[in-house]
Amino acid sequence: MNGSAIGVSRPRHDAVLQVTGRALYGDDYERPGMLYAKALRSRHPHARILKVDTSRALKLAGVKAVITAEDVPKNRYGFTHLDQPVLADDKVRYMGDVVAVVAATSWDAATEALDQIEVDYLPLPAVFDPVEAMKPDAPKVHGDSNIVSHIKIRSGDVTEGWRISSEIVEDVMRTQVVEHCHIEPHAALAELTDDGTYVIWSTVQRPFLIASDLSRILQYPMNKIRVITPAIGGGFGGKNEITIEPYVCLLAAKTKRPVKMVLSREEEFCGTTVRHPYIVKYRSGVTKDGKIVARQVEIISDSGAYVSWGESTLSKASIHAAGPYFIPHVRIDGYLVYTNNSIGGAMRGFGVPQVGFAYECHMDNIAAVIGMDPLEFRYKNLLTDNSSLPTGQVLEFVTLRETVRKAVELVGWKKEVEWE
Amino acid sequence: MKRAIILVVNGTEHSVEVQPSDLLVDVLRDRLRLTGTKKGCGTGECGACTVLLDGKPVNSCLLLAIRCEGRQITTIEGLGTPDSLHVLQKAFIDNGAVQCGFCAPGMLLSAKALLDENPAPSEMDIRQALAGNICRCTGYVKIVKAVSSAARTMSGAEGGGR
Amino acid sequence: MLPRTLYIRPSDLTKALEALEEHGPGARVIAGGTDLIPSMRARTQLPSCLVDIQGLGLDTITRTDGFVRIGAACTFSELARSGIIREMFPVLREAASAIGAVQTRNLATIGGNLSSAVPSCDSAPALYVLKARLTLISLRQQRAIPVEEFFQGPRRTVLAPAEILAWIDVPVPPDRSGSAFLKIGRRKALTLAIVNAAASVCLAKDGSTVEDATISLGAVAPTPLRARKAEALLKGCTWSEELVKEAAWVASGETSPISDIRASADYRRELCKVLVRRALTHAWKRALGGDQR
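From first to last, the protein sequence lines stand for chains A, B and C. Position one of the first sequence corresponds to residue 1 (this note's numbering), numbered consecutively onward. Position one of the second sequence corresponds to residue 421 (this note's numbering), numbered consecutively onward. Position one of the third sequence corresponds to residue 583 (this note's numbering), numbered consecutively onward.
Hints listed in this document are in silico derivations from the structure and should not be mistaken for laboratory results. Note that the structure is predicted; figures quoted are calculated from it, not measured. For glycine and all other residues, C-beta sits at the position ideal for the given N, C-alpha and C. There could be a bad hint or two in this list.
[Unchecked claim] The calculated lysine-lysine pairs, modelled on PhoX-like cross-linking and capped at a C-alpha distance of 25 Å, are:
id: 1; chain 1: B; residue 1: Lys562; chain 2: B; residue 2: Lys510
id: 2; chain 1: A; residue 1: Lys380; chain 2: A; residue 2: Lys414
id: 3; chain 1: A; residue 1: Lys74; chain 2: A; residue 2: Lys51
id: 4; chain 1: B; residue 1: Lys422; chain 2: A; residue 2: Lys59
id: 5; chain 1: C; residue 1: Lys787; chain 2: C; residue 2: Lys817
id: 6; chain 1: C; residue 1: Lys867; chain 2: C; residue 2: Lys817
id: 7; chain 1: A; residue 1: Lys140; chain 2: A; residue 2: Lys291
id: 8; chain 1: B; residue 1: Lys565; chain 2: C; residue 2: Lys597
id: 9; chain 1: C; residue 1: Lys713; chain 2: C; residue 2: Lys867
id: 10; chain 1: B; residue 1: Lys562; chain 2: C; residue 2: Lys817
id: 11; chain 1: C; residue 1: Lys597; chain 2: B; residue 2: Lys422
id: 12; chain 1: A; residue 1: Lys254; chain 2: A; residue 2: Lys224
[Unchecked claim] Interface residues of chain A toward chain B, partial, derived using beta-carbon atoms under 8 Å:
id: 13; residue: Ser9
id: 14; residue: Pro11
id: 15; residue: Ala15
id: 16; residue: Val19
id: 17; residue: Gly21
id: 18; residue: Arg22
id: 19; residue: Ala23
id: 20; residue: Leu24
id: 21; residue: Asp28
[Claimed, not checked] A short list of chain C residues far from chain A (calculated; beta carbon distances all over 12 Å):
id: 22; residue: Arg610
id: 23; residue: Asp794
id: 24; residue: Val832
Use the sequences and the hints to build the structure in full.
Structural data, given as C-alpha cells:
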C-alpha cells in the first residue's frame, strides 16, 4: 500500500471467498450432533398468557427440549430499558413475541412440534396508533403509561420567535415502518463446551454487546461466553442486538448438544426490529427576507412493544430535528410511545432519515409560502463556522456552503444562483 | 417414503436419499454441504438460492430435489475456485460488485447464464437477467458494470472465459 | 421445510390421470411448482400426493391448421423464446416476459399460471384477447372451453377433481389485426400486477374502421375479465384517439377493483384507463403493420 487510499477502489480482502461461495455465513456452520430450533410466536398482538403446556410436543419423536419463560434465568433485556422478555411470561405484547422454542433432531420435527404446544391466551385490547397510545385511557402495553420517554431540547424563546416572524408555516409528516431486509436471515448456533464455555456463532453485528446481554440473561460469567461472528449477509442495524442467541444457548445447556436456529423470512418481518415510524410536526417562523427565526418540532416515535434502541434513535433524531440550519429560537419535544406493533430498533441513520425527510419537505413548503427559491432559502439559513446548535454545541470547520455550491454546480440546478 | 436418487452437481454424481418434499436448496446445503447456495426467503423472491438447471437459472428453494434427477445442476462451487476464478468472479471483485456477498453466488450464476446465451448484453439485458436476484447493499450499479466488463473480457479473450 | 407428501412421476398422460383419480381430492398436479411450493411451505395447500406432469409431452408448441397448440406444461421462458409465438402472438410473448423474473419463468408454466387462478394472472388477458380455448382432460372426458369460462373466482376454476388442463389452442389471428399486453406492478420484475391489460384490434379493409376489438383486464375483479361494453363501443367505428380514450374510460367502469397492499381501488381504476388506451393504441399500430414486434 503506498499513497492515499482516498479516491481509490480497493477490493475487499474476503471478496474471493464471497464470489466462490466459500465464505461461511451463519447458517453455513454446523456441529456434530446439532439440533434444530424453531420458535412458537404469539397469536395475538396483546394478550395475557394463562397457560403454556409443552407436554404433548415433548413426546414427539425427535423433540429433545422445549423452553419457556421459566427456563430463562433473567428474563428481561434491552439496551436502555430492561423491558423485553426473552420468552413471553405474563403477557404477549406483539405478534412477534416468542412463547416457546423447540429443539429437535430435524427442522421438520421442530416445526411439527410447534403445533403441539398449547397456549391459553386471554386477549387484551391492543393499541396500534402511537397518538391513540398516548391518551390516558389507551390500553397499556407496559405499566401505567405508554409514553416511555420525553426528550426536550430548548434554545432561545420560541414565543419571541413567533413574535418577530412575518410568516409561520406548519406541516405534519409521517414516515412508514421499514424492515431491514438483509438478504441473510438471522442465524445462530450455540455449543456448550466441556469446560463450560458457550461458543456462539451468530449473525450479529456487535459480538461484545451480545456477550454482555447473554451474560445477564443466562446469569453466566461473560468470560465464559464466546461470540463468533462469521461473514454477515447484510445487517443495516437489523442485527444490532440479540434476537435468537439466548434460545440456542438455553437449549444447548438443556440438551447438552449444539443447537442451531435460523429465522424464516416471515419471522424477519414479524419478529425482528424495524425502522421506527415517526409522526413529525413542524412549525417554523420566518422573516420577510427568508431567515428562519423560530422552529418548534414534535416527534412521536412508535416504539412498538419494547424500547430496544428507541430512546437512542429518538435522541439522535431530536438532536438533528432542527436541520442543518441556524435558528435562534428552537423547541423540540420527542416522545417514544409503546404500542402493540413491531419493535422499532436500530436502522441506518438511527432516526435521522425520518426527521431529515420531514424537515426538508417542510423547508420546500416554507420556500413556496414565502415565494423564495428553495435552494436560496436553504442557503441563507445554513449552519456556518461558530453556529450553535439547539443543544448548545458550537460547530467548527463547517463546509456546508461550499458543499452546497459544489453540488449546485454538479447537478446544474440553475445557471445563475444569487449567492448571498 | 425416502427414495435414492442421483444428482449431478457441477459434473459430479451424488447419490442421495430424499423425501419427495425435500427442496433442492436444502439437499445441496445440508446433505451435499455445498453451502455456497444461499437461502434468503424460501419463496422464490430473492434469488440468493439461484442455481443453474441444465444451464438455466432457477430458484432452488422452489424446486423439489426429486425432480432434478438426471439433470445438470451447477452451483457457485462449480463456477470457479479461488485459484482459478471465472472471468465473472474476477470482474465482481475488480468492480467492487460485492459487499456483504450473500447475493453474489446467485447473482453470478444468473450472470453466467446470461453471458452463455448473449455474449454482448446491453445494460438493459443485464438488468433484466438479474431482476430475480435482490441485492440490498450495492444498489446494482457496480454489479451491472461487472457483468458488462466480464462480457467484454470474454469476447476479447477468444474463449478465455472458461 | 415442506409438509410431507407423496410424489408420482407418471410415464404418460393417462397414467397421470389415473394417479390423480386413485389418490383422490388430496392429489395435486405439479408443473413448474412456483405457486404450489410456496403455498405448501405456507401450509395453505397440503397435497397428499403430487403428480408430476413434466415430461408427458405437454411442453410443446405446435402450429396446426388455423391454430397453435400450446402444451400446458410449457414454461414462460419457452413461450418467450418461441419463434411461433414471437411471430404470431406478440401479446402472449409480452405477457410471458412480464411474469416473475428469469428464474421464475424457467420453471413456471402457462397451465400452472392459469390453474392457480389468481386474479392478477398475467397469461389470462393475453389469452382472452386471442380467444384461446383450453382443453381439459380427465379419465372420463375431454372437453374444450373458451378461456373466459375457466375462472370462477380467486383460486377457483372449473377444473373437476382429477381433471388436468392439458393444452391451449390459440387461433391464428385474422389479417389486419394486432394485439398487445401491458402490466404495471410495484416493481418492474418479480411482482404481481396492480393491473394488467391486453387488447386486440382487427381493422376492416379500409384500414381505419374497427372491425373487431377485444379488451381484457386483470387484477381488477375476482377473475380476469373482458371489457365488453368498451369493445362494443369500438366496433364499426373509425379509429381515433378520442374513440380510444372513451373506450378506455368505459373499460375502467366495467371493473370492480379492491384496495389492497399493492394499490387502492381508485388507483387501479385510473390505471385501467391508461393501460387500455396504451394497449389499444399499440394493438392498432400492429394491425396497421407499423410495428410487428
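- Task: Against the earlier hints, flag every one the structure doesn't satisfy and list their numbers going up.
- Result: Checked against the structure, the hints that fail are numbers 7, 8, 10, while the rest are satisfied.
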